[in-house]
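So the sequences go chain by chain: A and B.
Heads up: the first sequence runs through residues -5 to 106, numbered per the working numbering.
Heads up: the second sequence runs through residues 178 to 291, numbered per the working numbering.
No lab work stands behind these hints, which were simulated from the structure alone.
Computed from a predicted model, the values in this text were never measured in an experiment.
Check each hint, because a few of them may be wrong.
[What the hints assert, rightly or not] Once the Cα atoms are required to be at most 27 Å apart in a straight line, the calculated DSSO-like pairs of lysine-lysine come out as:
#1 A:65 <-> B:278
#2 A:51 <-> B:180
#3 A:51 <-> B:278
#4 B:278 <-> A:63
#5 B:278 <-> A:59
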Amino acid sequence: EAQVTQNPRYLITVTGKKLTVTCSQNMNHEYMSWYRQDPGLGLRQIYYSMNVEVTDKGDVPEGYKVSRKEKRNFPLILESPSPNQTSLYFCASSFVQNTEAFFGQGTRLTVV
Amino acid sequence: DAKTTQPTSMDCAEGRAANLPCNHSTISGNEYVYWYRQIHSQGPQYIIHGLKNNETNEMASLIITEDRKSSTLILPHATLRDTAVYYCIVRVAAGGTSYGKLTFGQGTILTVHP
Chain A
-5 EAQVTQNPRY LITVTGKKLT VTCSQNMNHE YMSWYRQDPG LGLRQIYYSM NVEVTDKGDV
55 PEGYKVSRKE KRNFPLILES PSPNQTSLYF CASSFVQNTE AFFGQGTRLT VV
Chain B
178 DAKTTQPTSM DCAEGRAANL PCNHSTISGN EYVYWYRQIH SQGPQYIIHG LKNNETNEMA
238 SLIITEDRKS STLILPHATL RDTAVYYCIV RVAAGGTSYG KLTFGQGTIL TVHP
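Work out the full structure: start from the sequences and follow the hints.
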């Protein structure tokens, strides 16, 4: 089954404790991206990747890192999480940019 | 990407067709109309897209006016599971220069009731 898988689905952590949210797709898509969704602010793009080893900042990259060492995986790294990073996070992939996107189930992160 | 305008909310009876309108009067010739939906806090789900011809798939139909300034998403037989926020967006063609960012507006909250 074609899918985008994020882990974990839920995470509560403390300020400053490094964490990684994993994202994996099995559709051989070139384009992957991370979004955060907050009430009243809609989806905001954090980082995107056009292909392996090619990543770039989206609209809200501060406090986040990503890597794309292989085509299927695109982890989101929070080196020192802060409470303002409490949000619902989605990973998405598509064949190339501007084609239909497939989203993961979401990761609800709470930083206390 | 062009701006879209959708009604804030709509209701539909189960089993009836749900017709969701979208205005995109500033759409450019190379921009497609895409529809996604988001069921409460789940990942957004792609529904359908089109350029100028009407399109149909297993989920829905998309009717685009001849001048391409508006479109309607049709769910032919709405069920309770179709209750969601529906987003209409316009995007340049595959590989275009917008770097692939999806920008969802406020969307239409569709409530399907028994």
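**Asked** Which of the listed hints are broken here?
**Response** No hint contradicted; all consistent.
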